[in-house]
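Chemist: Chains A and B, in that order, give the protein sequences.
For the first sequence, our numbering begins at 1 and goes up steadily by one.
For the second sequence, our numbering begins at 1001 and goes up steadily by one.
Note that these hints are calculated values from the structure, not bench results.
One or more hints might be untrue.
[Unchecked claim] Subject to a maximum C-alpha distance of 16 Å in a straight line, what follows is the list of computed EDC-like cross-link-like pairs (lysine to aspartate or glutamate):
# : chain 1 : residue 1 : chain 2 : residue 2
1 : A       : Lys45     : A       : Glu92
2 : B       : Lys1139   : A       : Asp167
3 : A       : Lys100    : A       : Asp180
4 : B       : Lys1138   : A       : Asp13
5 : B       : Lys1148   : B       : Asp1034
6 : B       : Lys1144   : A       : Asp180
7 : B       : Lys1138   : A       : Glu174
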Amino acid sequence: MSTELTVRTNYVDADLEYDDSGAGYIDLDLDNDYIIWTKGNSTVKDLMTAEPTAKELNEASSIIDALADVDVALCLLMDYSHNVAGAYYTHEVVGMGENKQFVFDFSFDGATASEPQLEAWDDSNHNTTDTHVLGDGTPADSMLKAVATSSSLPGASWAGSPIAGSDNVLLLNEGNGALDDLETGETSHELYANIKITIPSAYATPSVESFLTSVRFTWN
Amino acid sequence: MNNKKTPHSLYLITFKDGTKFIGGNSFFETKWTDVPYKEIKRIFVRLPGGDHLTLSGYDKYFFMVEATKDWMRINVKNKTTQKINHNTPRLEYFYIMGKKKDLIVSYRISLKAVRQGDEYKLSKITKNVYATDALRIKKWGLNKNQWK
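Construct the entire structure; sequences and hints are all you get.
Modeler: Laid out in structure tokens, this is it:
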């Protein structure tokens, strides 16, 4: 039987793992939900009661700083079904970019044949990383940074690894290899990561870009 | 579950004791974990499109399916054309490997971009030979319990 992956975001308390506070996580509907990285403002924020428009998103964009790198301040899950904790379309991904351990949860319902890994690509073809956010053709320059946090906090001011393409990936089990069979009573393996976007100082090309992340995983 | 089936079993194993094991007929139900731990004489792997590959003479064998799941579309409002089926894992490759002493021979069979309806057509086979301590093998972190 193949192993299934469920992706969740924490919207309550990034100090609590899924096994201790499952209600604090939202399962992503990967057909409809999406992620918004934004500076945020009085309109684009946590607990919106309508899906933000493109104009609203543009008005809430992060601003490139001439002198300092900018961490995109806010990560929102755009919950298409808006049926979690009220009729809200957006939920802040709590702990994003901070020294927090339980932020993005990758849940596997069984063993894997090899170690799951996080990747980022321009689109679903998985063959280019030409967007500026993914390094403008140089994956090592990707602004998307990630750190695996299943066993520990990422640390204060964590830098993370640039994620883009097939070589710049994040091993989600912290390099410990494939996931073993579930033990008696277990229903899933939970792997955690923290992810952020850091815009370099004085970056020359402002842009609105769409890209995607992907988890590559295997089964026997 | 999207259970793409092939018309035939994915593989057939002949053991040195003369018994046989028939693999599953779906990439989502390969039955590899059910393969008993006893000496394998030969593995006959059916390839998409009807060709086959036979491995023999190795100490251990490993079969796995690789898939991806796109989970984070960014600011999708700004790019409405990017709409794909994300909830179902997308099959990318399957692998059959043989290990002998300090070497692993890997055959990677591409499944992506060759799907036609519910079937897969063969597009590309890549053979690689790795030392067991090669970086690629370390990064894979293959499940040690599934070498048969």
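Chemist: Output the numbers, in ascending order, of every earlier hint that fails for this structure.
Modeler: 3 and 4
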